[in-house]
Each structure stands twice: as structure tokens, then as C-alpha cells.
Amino acid sequence: MKTYLISLFSPDGPPPEDLDLTKVMAELEVVNADIRAAGGWVFAGGLADQGSATTIRKPDAITDAVLTDGPFAEAKEHLGGLTIVRSADYDAVLGWAERIAGATGLPVEVRPFQGEDDPGQAPTDH
Amino acid sequence: MTVSGADIARVFRAEHGRAVSVLIRALGDIDLAEDAVQDAFTVAVERWPREGMPPSPAGWIITTARRRAIDRLRREATREARHAESVALYAADEGSGASEEGPVKDERLRLVFTCCHPALSREAQVALTLRLLGGLTTPEIAHAFLVPETTMAQRITRAKNKIRTAGIPYRVPRDEDLPARLASVLAVLYLVFTEGHTATAGDDLGRPDLATEAIRLGRVLVELMPDEPEAMGLLALMLLTEARRPARTDPAGDLVLLAEQDRSRWDVALIAEGHALVRRCLRRGAPGPYQLQAAINAVHTAAATAADTDWSHVVALYDHLLRLAPTDVVRLNRAVAVAEVAGPDSALALLEDLGLDGYVAFHVVRAELLGRLARWPESAAEWERAAGLSDNAPESRHLRDRAAQAAAHT
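The listed protein sequences correspond, in order, to chains A and B. Counting the first sequence from 1 gives a position; the working numbering is that position plus 25. Counting the second sequence from 1 gives a position; the working numbering is that position plus 192.
If you're looking for bench data, these hints aren't it; they were derived computationally from the structure. For glycine and all other residues, C-beta sits at the position ideal for the given N, C-alpha and C. Warning: the hint list may mix true and false statements.
Claimed, not checked - Not the full set, but computed from the structure, chain A residues with beta-carbon under 8 Å of chain B:
1. Arg111
2. Asp114
3. Tyr115
4. Leu119
5. Glu134
6. Pro137
Claimed, not checked - Derived SDA-like pairs: lysine to any residue, alpha-carbon spacing no greater than 20 Å straight-line:
7. A:Lys27 x B:Lys352
8. B:Lys352 x B:Thr330
9. B:Lys354 x A:Lys83
Said to hold, decoys possible - Now the in silico label distances, taken between C-beta atoms and shown as ranges:
10. B:Gly220 x A:Pro132: 26 to 36 Å
11. B:Asp369 x A:Pro132: 51 to 61 Å
12. B:Arg314 x A:Ala51: 28 to 38 Å
With the rest of the complex left out, here is chain A (with noise of 0.2 Å):
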């Protein structure tokens, strides 16, 4: 059993005008059900847009950490929302990203968390 992040990249600036939102949401609404089905659902959310983003770096263990307005990299597309699910078919990820893919018309990236089964950091129990 893996981890994946499923990470959806959208372009700069407002959705195009001929977006019907409503139906993308339902279309990815489907997929999340199967994924849902499939027992591999942990967590998915989109993200505000990225004039929302403020970065932060901290140089070395001396200096104070910079806060700077916008996102990380000067890019064309942008993280726009992710998928976290667990599985421990590969393909089968793939075929959830795809159809992700297919519902937003917008690119996805695939990529494992290190680690087998739970990776990161597992909230306390206290």
C-alpha cells in the first residue's frame, strides 16, 4: 500500500468563460465516489487562487525568515488542487488521475509519498 499525491496544475489568471464549474464539480464528484468505492479516498481539496500564496523562506538558522507576497516560482501554471489517495495498485492511480485529468481539462501530476503505508506525519491522538 503506497500513498500518491494526485496534484492538479492550473493555469494564471480567472477560469476561462465557457467553464461550466458546476459540471466539472459533479464530473469530479463521480470520480471521487469510485475512489471513494475503492477504498482509496484520504483527503482532496482545491486550492484558493495563487495571488492567495505567500512564500516563505528562512535563509539559515540566524537570519529572520522572509515572507514575500505570491507564490513560490514564477510559473505559467500553478498547483490549483490536490487528491491524497492510497492504493496499492499503481494503475489503478493512474486511472483515477486520468479521469481527474479528463473531468478539469487541466494537467496532473502523479507522485508517491516516501515510505510504504502511512507516510508523513500522523496527527497525535491527545
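Using the hints provided, position chain B relative to the given structure of chain A.
Quick look at chain B alone, frame taken from chain A:
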């Protein structure tokens, strides 16, 4: 019978895919599997010349590799899990070499689909297929693709890391994924073949080693997937193209076009095999792009002389191919056949809207058609353009000659 180093090298190449695929399954790790197989061949180099070749070399290699892997795991077993793994493996290690060969067919197929998984870059797919299935060494692959050994080694390491980290599965794809995934496998073999047939760069027209490898792996694929007509079609296409190789260059190493080739130099055995395959897959009634290209090559190779070519049959096959693969490259090739049936004027008109400017073959075809219409200055310019675009020395030399000949008419 004495066993020479060359005999063992031959077994290595022929049986590497078989052995590695079984060991990957058993060990769950490509590197461990490769090391184990390498170890087994080291033992073979020492023993076979003395004791003779075992009755089933592949089985012997697999059994030896498995034992070596277990020893290695035991030596390195510091963690409990690893120890448990080696115990489990040991339990499975029973029986003679011959019994190892039962499930091998499926294992090799798994290996093919893992090497050609679409989550890997095409370059990585090619390198892994030649390395793991084909048993070529990293320096051999690097040499064949004219890249430094370190580059090729990195490419292979990176690909293996991705297989491990991303969790690329070691299995034959599900039925619904199979057509797309098989297409990826066929594309890899075809790429290896075309690189061998007309090298993209260098001083020789082709690198026959790669063409031979692609054909060998194509045979393996047909053996593994006897029900896939496109796999058969690809093999037929490669055989019929390879059959003409002896006639494709003159003694000076220069390119000779199909119409001018000495057909007595074609390889009749390869042609017979290719034709038989084309007939076999056409009987399936599920023509695909590779089968149709093979069928087109079958028409060419069935003609005793260039003038005997059944061009209307070729046009019909291209029409069919165009419906399955509506690309400008197919339209270009169809136009060549149309020129033979309906004349160069009609063919030239078909080239009008193709977006192939900068593609060597496009300029060659235009040059040829313009020449037949005696439009010499335009023809010479197209030959020049083609020559300037080719990085292959014999091809470029040939194109410059043609440019000079066309220019001499004006």
C-alpha cells in the same frame, strides 16, 4: 562437447529475460534479481567449460541464481523481515532446473509490460527492455544509441528507482488497459528496430545489431502473446524490412532506393517467414497499423521487379491504414503509391496541405515527384533541403548526389 565463452555469452543473451523475470518475481526487486542472475553466469563461466552445458541452461541459471540470492540475503539479513524473506524463498527452492520453466512465459510477459509501462519515458522503456529482457549490457546499449555509458547507466538507474518508488506493478495489464499498453510495448520494439534500420546519426546507414535485437524480441513477444495479431504484424513488418537490408546499400555503403535495389540480394528466408506471418494475421480479420504496414511490405517483396509491384493494392492498403492512423506521414507514403498509379501530378497535389516541412522523407518525395515532372530547379532545391536535414552520413551523401543530378538538368 566443449563450451566456449561465446557459447555462454549466447546463452546469457537468450536466457537473461527468462531468468531475470523469474527472479524478480521471487525477490520482488529488479536489482537483486539482476545481481543473482549475474552471479549465476559467473558460476557458469567457471563450471560449464569443465562440466559441459547443462541440459536446460535456463533452468540451471534460474536455480543457481535463486540459491545465490538466498545466500546473499542470508549474509545481509540484519533485519528480521529480510531473514523471513530468505526463509520463504528457501522453501520455494525445490526441484530440478526443468520445473523452473513452467510459469516462465507469464513472468517474461510481466517483465515486458513493466519495462514498457507508460509512466516511464520512452527512452527509459527502450533501455530497460534491452537490458532486462534482451540481456544487453549497459555499455552495449549506450554504444547502440550513441550516448555516453554514464548517461545510459543513469537512465537505467533512474528508471529502476521510479519503478520501485512509484510502485509500477510487475504484472500483465488488465484487459481494458491491454490495447493501450500493448501499443506501448510494440512502439518500443519498433523504435529499437528503426534505430537499427536507419540510424538517426552516424557514419553507417543502420546498426544491424539493434535491428536483430528488435526482431529477436519481436519473436519472443509473438511467442508470449500468440493471440495478438498486431504483435505478429510488427514482427512481419520487421522481417520484411530486414530482408531488404543487404540490397539497401551499395559496396561503397551508399543508400540504394527500393526501385533500384538488386532483388536477388534480398533474404528469401526472411521474406517467406514475413509473408507467412502476414497471411496468418490477416486471417484473424482484425487489421491494425502494424499488420497493414506489414501487408504493404509484403506487396513490395512479392514483386520480382520494381515494375511488377501491384501499386493499386498498395494504395488500397494505405487507404485502410489512413482510416486507422490518419497522420500526415501515412498520407505522404500513400502519395508515393498514388504517383505510381495516377501519376506525379496527382501525388504532388496530395502533398499540398501536409504539415511535414523539415521532415527528410517529405522533401525527398517532393524532390522525386518534381523531377518526374521535369521541374528541375524546384527538384534540386528539395534534394538540397533533404540533404541538409539528414544527420545520417550515407543518406546525406546520396541526397546531395541527387541534388547535383537534378541541378545538371537545368
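Cross-check of the supplied hints:
1. Interface restraint check for Arg111 of chain A: the shortest CB-CB distance to chain B comes to about 11 Å, outside 8 Å, so the restraint is violated.
2. With its C-beta approaching chain B no nearer than about 7 Å, Asp114 of chain A sits inside the 8 Å limit, and its interface hint holds.
3. For the restraint placing Tyr115 of chain A at the interface with chain B, the shortest Cβ-Cβ distance is roughly 4 Å, inside the 8 Å limit, so the hint holds.
4. Taken as an interface hint, Leu119 of chain A checks out: its beta carbon lies about 7 Å from the nearest beta carbon of chain B, inside 8 Å.
5. For Glu134 of chain A, the shortest C-beta to C-beta distance to chain B is roughly 11 Å, which exceeds 8 Å, and the interface hint is violated.
6. The interface hint given for Pro137 of chain A is met, as the beta carbon of that residue sits about 5 Å from the closest beta carbon of chain B, less than 8 Å.
7. A distance of roughly 17 Å separates the Cα atoms of Lys27 of chain A and Lys352 of chain B; the hinted pair therefore holds under the 20 Å criterion.
8. Using a Cα cut-off of 20 Å, the hinted pair Lys352 of chain B and Thr330 of chain B holds, with the two alpha carbons roughly 13 Å apart.
9. Of the supplied pair hints, the one linking Lys354 of chain B and Lys83 of chain A is violated, its CA atoms being roughly 31 Å apart against a limit of 20 Å.
10. Taking 26 to 36 Å as the suggested C-beta distance range, the pair Gly220 of chain B and Pro132 of chain A conforms, at roughly 32 Å.
11. Hint check: Asp369 of chain B to Pro132 of chain A, Cβ distance near 21 Å, so the stated range 51 to 61 Å is violated.
12. About 36 Å separates the C-beta atoms of Arg314 of chain B and Ala51 of chain A, a value consistent with the hinted range of 28 to 38 Å.
This entry does not satisfy hints 1, 5, 9 and 11, going by the numbered hints stated previously.
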